[in-house]
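Student: These protein sequences, in sequence, are chains V, H and E. The first sequence maps to residues 1 to 337 in the working numbering. The second sequence maps to residues 1 to 337 in the working numbering. The third sequence maps to residues 1 to 337 in the working numbering.
No lab work stands behind these hints: they were computed from the structure. Every residue, glycine too, gets a C-beta built ideally from N, C-alpha and C. One or more of the hints may lead you astray.
What the hints assert, rightly or not - Simulated crosslink set (EDC-like; lysine to aspartate or glutamate; CA at most 20 angstroms straight-line):
| id | chain 1 | residue 1 | chain 2 | residue 2 |
| --- | --- | --- | --- | --- |
| 1 | E | 186 | H | 78 |
| 2 | E | 323 | V | 310 |
| 3 | V | 186 | E | 78 |
| 4 | V | 95 | H | 142 |
| 5 | H | 77 | E | 273 |
| 6 | V | 282 | H | 188 |
| 7 | E | 192 | H | 78 |
| 8 | V | 279 | H | 188 |
| 9 | H | 323 | E | 310 |
| 10 | H | 124 | V | 94 |
| 11 | V | 91 | H | 160 |
| 12 | E | 282 | V | 273 |
Unchecked claim - From the derived model, a few chain E residues whose C-beta atoms are all more than 12 angstroms from chain V:
| id | residue |
| --- | --- |
| 13 | 3 |
| 14 | 10 |
| 15 | 17 |
| 16 | 66 |
| 17 | 74 |
| 18 | 184 |
| 19 | 278 |
| 20 | 290 |
| 21 | 307 |
| 22 | 309 |
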Amino acid sequence: MITVNEMAKLVGGSVQGNGDVKITGLAPAAFARDGDLTFALDEGEMKAAEKSKAACVLTRLKPSGFPKTVLIVNDLKESLVVLYNVVQKMKPSEKGTIHPTAVIDETAVLGENVSVGPYTVIGKNARIGDNSALGANCSIGDNVTIGSSTRLYSNVSVYELSVIGNNVIIHAGVVIGSDGFGFIPKGDRVLKVPQMGNVVIEDDVEIGANCCIDRGTFSNTVIGKGTKLDNLVQVAHNVKLGRNVLIAGQSGIAGSATVGDNTMMGGQVGVSDHVSIGKDVKIGAQSGVSKQTVRDGAVLFGCPAKDANEIRKQTAFVARLYKNAGKIRKLLKKFSE
Amino acid sequence: MITVNEMAKLVGGSVQGNGDVKITGLAPAAFARDGDLTFALDEGEMKAAEKSKAACVLTRLKPSGFPKTVLIVNDLKESLVVLYNVVQKMKPSEKGTIHPTAVIDETAVLGENVSVGPYTVIGKNARIGDNSALGANCSIGDNVTIGSSTRLYSNVSVYELSVIGNNVIIHAGVVIGSDGFGFIPKGDRVLKVPQMGNVVIEDDVEIGANCCIDRGTFSNTVIGKGTKLDNLVQVAHNVKLGRNVLIAGQSGIAGSATVGDNTMMGGQVGVSDHVSIGKDVKIGAQSGVSKQTVRDGAVLFGCPAKDANEIRKQTAFVARLYKNAGKIRKLLKKFSE
Amino acid sequence: MITVNEMAKLVGGSVQGNGDVKITGLAPAAFARDGDLTFALDEGEMKAAEKSKAACVLTRLKPSGFPKTVLIVNDLKESLVVLYNVVQKMKPSEKGTIHPTAVIDETAVLGENVSVGPYTVIGKNARIGDNSALGANCSIGDNVTIGSSTRLYSNVSVYELSVIGNNVIIHAGVVIGSDGFGFIPKGDRVLKVPQMGNVVIEDDVEIGANCCIDRGTFSNTVIGKGTKLDNLVQVAHNVKLGRNVLIAGQSGIAGSATVGDNTMMGGQVGVSDHVSIGKDVKIGAQSGVSKQTVRDGAVLFGCPAKDANEIRKQTAFVARLYKNAGKIRKLLKKFSE
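Looking at chain V on its own, in the form it has when it is part of the complex (with noise of 0.2 angstroms):
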């Protein structure tokens, strides 16, 4: 347990109120029980707050005759990241349960304190590290390796020989390893592109729902340190990505793409097969990105992208020669003559 005043020094924060008010969890008004802090952006929230069970309000708001502490801070967000973290490791460890019902191969080695959920199903070989907890109707595939301290939700699909950190998240529905689209078309018949690399997820990633991750065809697609995908992203076949990159919703990046460290992409955005884009790179949501190499630090928008402001001015350009469309038709008829 920590008291109010506690994280106001953690948060560089004021009290207003009670300081010696003790916290032991953080959640919304919605969902507060007693001794939980709790936020509000505005004064709609702080209402909330105050019906709430919370015994303590985090806030920028400086509200007078407020019922409960007040915890007053300048950056909400922020806080509320560092509290959270704060509270979490106040939890007493969960301590490990394998359900019942987890189909384990007598081969796979699990660690100290790791979960199971139920109908989970785990293949010859696998190696899953302490701490790390897995939900419920997920498949793991032989020869898998899960480091530590990571999590997958339920209904995940690892294949054979995938090799995932420590501190992972993967959300639910997610699919790692599965085979890369290579085909050769020949004749009348498309033959099958063996894939045989698989694929290696960093530490600290995290994956968002239903997302894709396809095995190297013979070496690995690897997913790097502190990288977080949103929900659908496609990683095909022997991509590369770099450290702390931020892709956003139903991106997809083709094979053998590599992408520098703490790149970001908006939603939506494609990235042609073997394009090598460097770090520091931003990429506009609906991009398309098919020139092969992109120097760090670059701005793009468009498909195909180029940069951005280039992009910008140009579509300007356009749209200031069609307003003088008339002019223009003119011009072009009297030249004509």
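Following the hints, complete the assembly by docking chains H and E onto the known chain V.
Tutor: Chains H and E alone, transformed into the frame defined by chain V:
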């Protein structure tokens, strides 16, 4: 049971042949059984209907000498919708069956006549209303509420605290309540913003296969009454969709966007975060809506999306310019001299 | 078992070292075991191959003094495809195993040597052909037919009445036969059009992870022989895909569209409803095809998609105009005076 004559009254149709035939079901010719009503769009389908086991054929055609009873209507599709609902209501309500392999926490509360498929897992304090049915291999988190007469197909994942209304249909592979994409890059790390809100799905909603709906960051993500999502749609954290919104496949609505009642989106549309879209808006396929506010009744197209009519005219204008490319080149050259 | 010399004949390669070495498997260096053939694209991979347990290395390189047998070929990828298939056929056919936790309706009929993974559920009157294998946590609906030598990975959902052919591969998380997006807005309600058809998947099809294929409204949705879908592809109700069609990730084909044989689509392509696309068509990534008919052999790009060559020329023309923006502005000004 209902006779063809009674059906004819319901849809304003006319009967050819024996109108006293009793109808017990409705199916396409290929799947029809004795006593079923089937239907035919054209002569080919009339032949299939003739060969089928069906007792009566619904059609706009007026066949002569047809050996089965024929129910002739003006609007085949709408008549089918009406008669399908009639036939559905005639069915003896299936008695709810809890498969013995379902893992249901002892604190969960199930209404009357609930069905739970094999290997489905239901968490603590979950509540499921009367006549609802859950398919196989679903995972229902702690404190989830599901209304009555709601159906979940197989492999659906519902995270904790989600609220699902009455008469909702959720197709296979859907993920509801996963963490939104909230991260703060800080030095060489990426901090995760805790996602503590939930998802609220109102009555009469239908959600297509493999859709993802994220929980709110602090409050909730809302899918309004009667709204229908096609397959593979992404709804990010804090989004509020109004009533009777129709969103076609693979569209994505980014964080905190709002969409008004009766708005329709084509496939693969993207809506940027915090955008506010009005009522009765129509958005063409693959459009990217990034302007902050879209007025009621707007018709949009393109990326960035603009008035569809203006976009069409501007596109035609550019095509005309291009046809005059030679003339323009000469004009610019002449002018330079 | 097969010797390296015998392999060399099959792929027109030459052997360096002992060609009598017997090969029992094929794997990348990292996963190779005693008796395996491995392969190397470059010097780095040759070193990995040297350190591996593999008995022989397939490569285009001609290493000197290499301590293992080397099989030198001109086309590494195609040789790999050939030899992979040879090695696969050498494997003793796995004996089908029905996991004791599989829930198989007593009216379902399974062929010889069928495998069913843990927690997979098979409905009434389902039929599964010889040598087919179903992964864990799948849900197979009533009256589904699956051919022989077909493989479903884990967490696959197949709705009632679907028909799946022989030698089909369906990756994890796929949903087949869900209701299409058919709704009629009527006053303040949205009526659901009953979806009563089914899905027919012909022989030799491969379907990527988390794809969605909707059942036909009244007839069927068809995926033609030899067609391959990448991950997260959406195929709407009543679509007919021809033979050997290749569709890259996250593309979507809207309702009732048809696609001819051998047509290829890049990633994130959208095809509007009722569009008819010919044979041997090539469609660039992110294109949106909305014209009613696309002729055989067309090459398309853009949204709305047009002849790729014309689009490229028009785009270059606009870029040239933009470079002359200053000149054009002056010209328009001069002309206005």
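Student: It remains to establish, for every hint, whether it holds in the given structure.
Tutor: Cross-check of the supplied hints:
1. E:186 - H:78: holds, 11 angstroms
2. E:323 - V:310: holds, 11 angstroms
3. V:186 - E:78: Roughly 11 angstroms separates the two Cα atoms, so the pair holds.
4. V:95 - H:142: holds, 18 angstroms
5. H:77 - E:273: Distance of about 17 angstroms is within 20 angstroms: holds.
6. V:282 - H:188: holds, 17 angstroms
7. E:192 - H:78: holds, 10 angstroms
8. V:279 - H:188: holds, 13 angstroms
9. H:323 - E:310: holds, 11 angstroms
10. H:124 - V:94: holds, 16 angstroms
11. V:91 - H:160: holds, 18 angstroms
12. E:282 - V:273: holds, 16 angstroms
13. 3: holds, 21 angstroms
14. 10: holds, 14 angstroms
15. 17: holds, 22 angstroms
16. 66: For residue 66 of chain E, whose nearest Cβ neighbour in chain V is about 19 angstroms away, the distance exceeds 12 angstroms, so it holds.
17. 74: Non-interface label stands for residue 74 of chain E: nearest chain V Cβ at 15 angstroms, farther than 12 angstroms.
18. 184: holds, 28 angstroms
19. 278: holds, 17 angstroms
20. 290: The claim holds: residue 290 of chain E sits with its nearest Cβ about 16 angstroms from chain V, beyond 12 angstroms.
21. 307: holds, 16 angstroms
22. 309: holds, 15 angstroms
Every hint from the earlier list agrees with this structure, and none is contradicted.
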